[in-house]
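Single-letter residue listing:
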Amino acid sequence: MKKMNIWSILYSILIYTFLYLPIFILVMYSFNNSKLNSVWTGFTTKWYVNLFHDAAILNAMKNTLLIAFVSTMFSIVIGTLTAVGLYRYSFKGKKFIESFLYIPVVIPEIVFGIALLAFFSQIKLPLGLLTLIIAHITFSISYVVIVVKSRLDGFDKSLEEASMDLGATPRETFFKVTLPLIMPGIISGGLLAFTLSLDDVIISFFTAGPSSTTLPLKVFSMVKFGVTPEINALSTIMMLFSIIFVIIAETIKNKNLKSKKIKTILVSLVIIAITTSAGLNIAADKANSEPLVLNIFNWSEYLPQSVIDKFEQTYNVKVNYSTFSSNEEMLAKIMAGGSAYDLVVASDYMVDILVKQDLIQPIDKDNIPNLSNIGSSFLNLEFDKGNVYSVPYMWGDACIVYDTSKIKGNITGFNDLWNPAFKNSIVLLDDERAIIGMALQKNGYSINDTDPEHLEKAKNDLIKLKTNIKAYDSDSPKTLLINGEAKIGYVWGAEAYLAKKENKNLKVVIPKEGLFLQQDNFTIPKGAKQKKLAETFINFIYNPEISAEISKAFPYANPNIEAQKIIDQDILNDIAVYPPEEAVKKGEHLKDIGNDIKYFDKIWSQIKQ
Amino acid sequence: MKKKFSAFLILSPVLVWMFAFFLIPLFLVVSVSFLTRGQYGGIQFNITLDNYIRLIDPMYLKIFWNSLVISLMTTISCLLLGYPFAYIIGRSPKKFRAILLMLIILPFWTNSLVRTYAWIILLRTEGVLNSYLMMMGIINKPLQLLYNNGAVLVGMLYIMFPFMVLPIYASVEKLDNTLIEAAKDLYASPIKTFLKITLPLTKSGIFAGCLLVFVPTLGLFFIPDLMGGSKIILLSNLIKNQFLAARDWPFGMAISVLLIMLMLIIIGIMRLKGEKIDSEVF
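Which chain is which? The protein sequence lines are A and B, in order.
Position 126 (the first sequence) corresponds to 126 in our numbering; numbering is contiguous.
Position 138 (the second sequence) corresponds to 138 in our numbering; numbering is contiguous.
With the rest of the complex left out, here is chain A:
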């Protein structure tokens, strides 16, 4: 073997640098003092300490590794057999099977996720680790087949024949000749399958149960408040472990255990898998053996773990808390059936849809005496007259924020966004109802207007606005405002509040044309197993102290009048979170607009095409 030449080495270094550049950044930011991953404020190791106290993240980590190991092993075995079979034999329908095996790679993840969810609920298989593993094996097999088959292509059949001629059985031939020869393909395919499984979000969302959250799901749900440095710390530790693992595997291999090599690697893999999961188990499990389990489905970053812990201790129950990041995501999961949730948080218009689709049941308000703490202006709203099916959780608004150091002059409403001076400098929510609604409000119409003429006007306005837009972002638009990427934005009130904390130049404006309001509510799905306990939980949340604790953790507006007495003045007086009363009176909640949503969707596609 020739030595590598200098250019090869340089090129490899360049590529490895490209691959490790972001890793270097995230390792660095795992030691950053600021919670937001944007500005370097000083060195700390507190995220590592926090991480080991965060049972939810550790548990998610455990699930993720378990699923990845098991699904990779299965898909390697099935995939390799398939590739060998397809390579060795020709028969009728072979082309068909080959093409069919490409479909799992081709099918959009969300479609496959929903289809599997519907399928699992049809065969009454409860969602959990098992369904997740099945889903991951299914999409991994194709990747293994494709890679192993490309390795087999051009494979020298005479080697197999020679082995048989020398008296080896087909089994011996396979294990002693074929397998070692295609090993690089199997390893490559297996690594891809493992990587895919570790990272999968969408299919996992739809096939996960209330107690089987995986790490990517957890990370994805944290995006709203920026991925915390805890995740960076976790990634750093994982990276370190992987490197150690690779070094150990290499050392074992170089000891020349040849025939036992594969076995050794497999055994060490299994041992490492078992010890890590056992270790994580000890760290993550708090030995819960309580009989009662409450399954809650809520927006991500909306309820602090401390409140859940207190509820668990007070009532001696276990809470499985899973999250979603949009109303529609939640609806898709509830609609496909098989969901096992006892308590689901839904926004105003979504409550209406859930009622019309017959997915939720009336709430027994006798079990919620603390409902009297809730302000009357948040009850008996249009989407659920008389609060038969829902009771309020939190509420919020959307407002304009701008950087006074970059924009001189007065901003008063939506109309100002069209100012040609703001070329390529606006961040907008990535939400078709909110943004088309904004353009409607700008022209003096309701956000729920479906008049084709009014919509046409809104569309043309939004197309004109395109040159001013830097980015659409619903998850964390504050980041762009904090680090100066955008000069002006239309964002959620809570985002505006947080952005202002980091960047003192930011100023909030309540748009004069009208206010977008959103109220989130507790609902109980049909078929909930713990209805009474869910109502107890709602009542618990309505405790003024508990409610104030939630407000302290997440800056959304609290409808609990008693709790407001103990919430910090600083946030109560912030117009981004608690807009002035007259503005709220003029504000509007989204309504379900039925099939007219098709027009909104088409307009949105036209604006963004």
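What the hints contain is simulated information worked out from the structure, not anything from laboratory work.
Some but not every residue of chain B turned toward chain A, in silico, with C-beta under 10 Å:
(1) Pro13
(2) Arg91
(3) Asn111
(4) Phe163
(5) Asp225
All residues carry an ideal CB built from backbone N, CA and C; glycine is no exception.
Use these hints to put chain B onto chain A, whose structure you have.
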């Protein structure tokens, strides 16, 4: 007869598995694409072709086209950067190979969202790269590196890179060195050796790599959303929106069915072409 039996035996695990957990869900997808959206976003059992007819609209065609272009560009850049890299790794001294390979995949065991955010920290206007370049005096005004097509391409390239490198590695690794030596002995230029020997012999790896990059790229939406500022709608966004905004499952399923068919046709053509090249070379 015996052969048929063993073919069946070796393929039975995949057939049973895929029948149970893929074919039936796929059947659900196809059948829902012929139904209609209910008033409140549910599914109504009216059999119709409307969902497919709706797709014949210049707007959707343009979205299709844009997505194909982005995927194609990602695939080509992955191939151009990845092939030489996979070749170098696959031809490196045997004792280093495994560790070099593992070093490629390790960064990808970190959550892709976390890595994408790291890219954003790196590339934004007041980010690491700009500060560094300014400090070095190379530029005096920060470059606008994010929220444009270039950023999307870098992000896509980064996320999909190992899917190109690993299959190519697997096929380069088995290259018979004697063939290359023979070509050299026969005074073939390095370029000719590459075109006549190396390339045809690693063709299946290239095919697998392109497939594993091109197709999933069509379904990626968080890179265009995060690094491109979500300013253009791609096929993946369009499908996602049908489920998560318009709540129009039948239409979403119809777009997906069309996408699957189109991809299978493209794969079929590519494979036919590949076989043709085969017969020409040998």
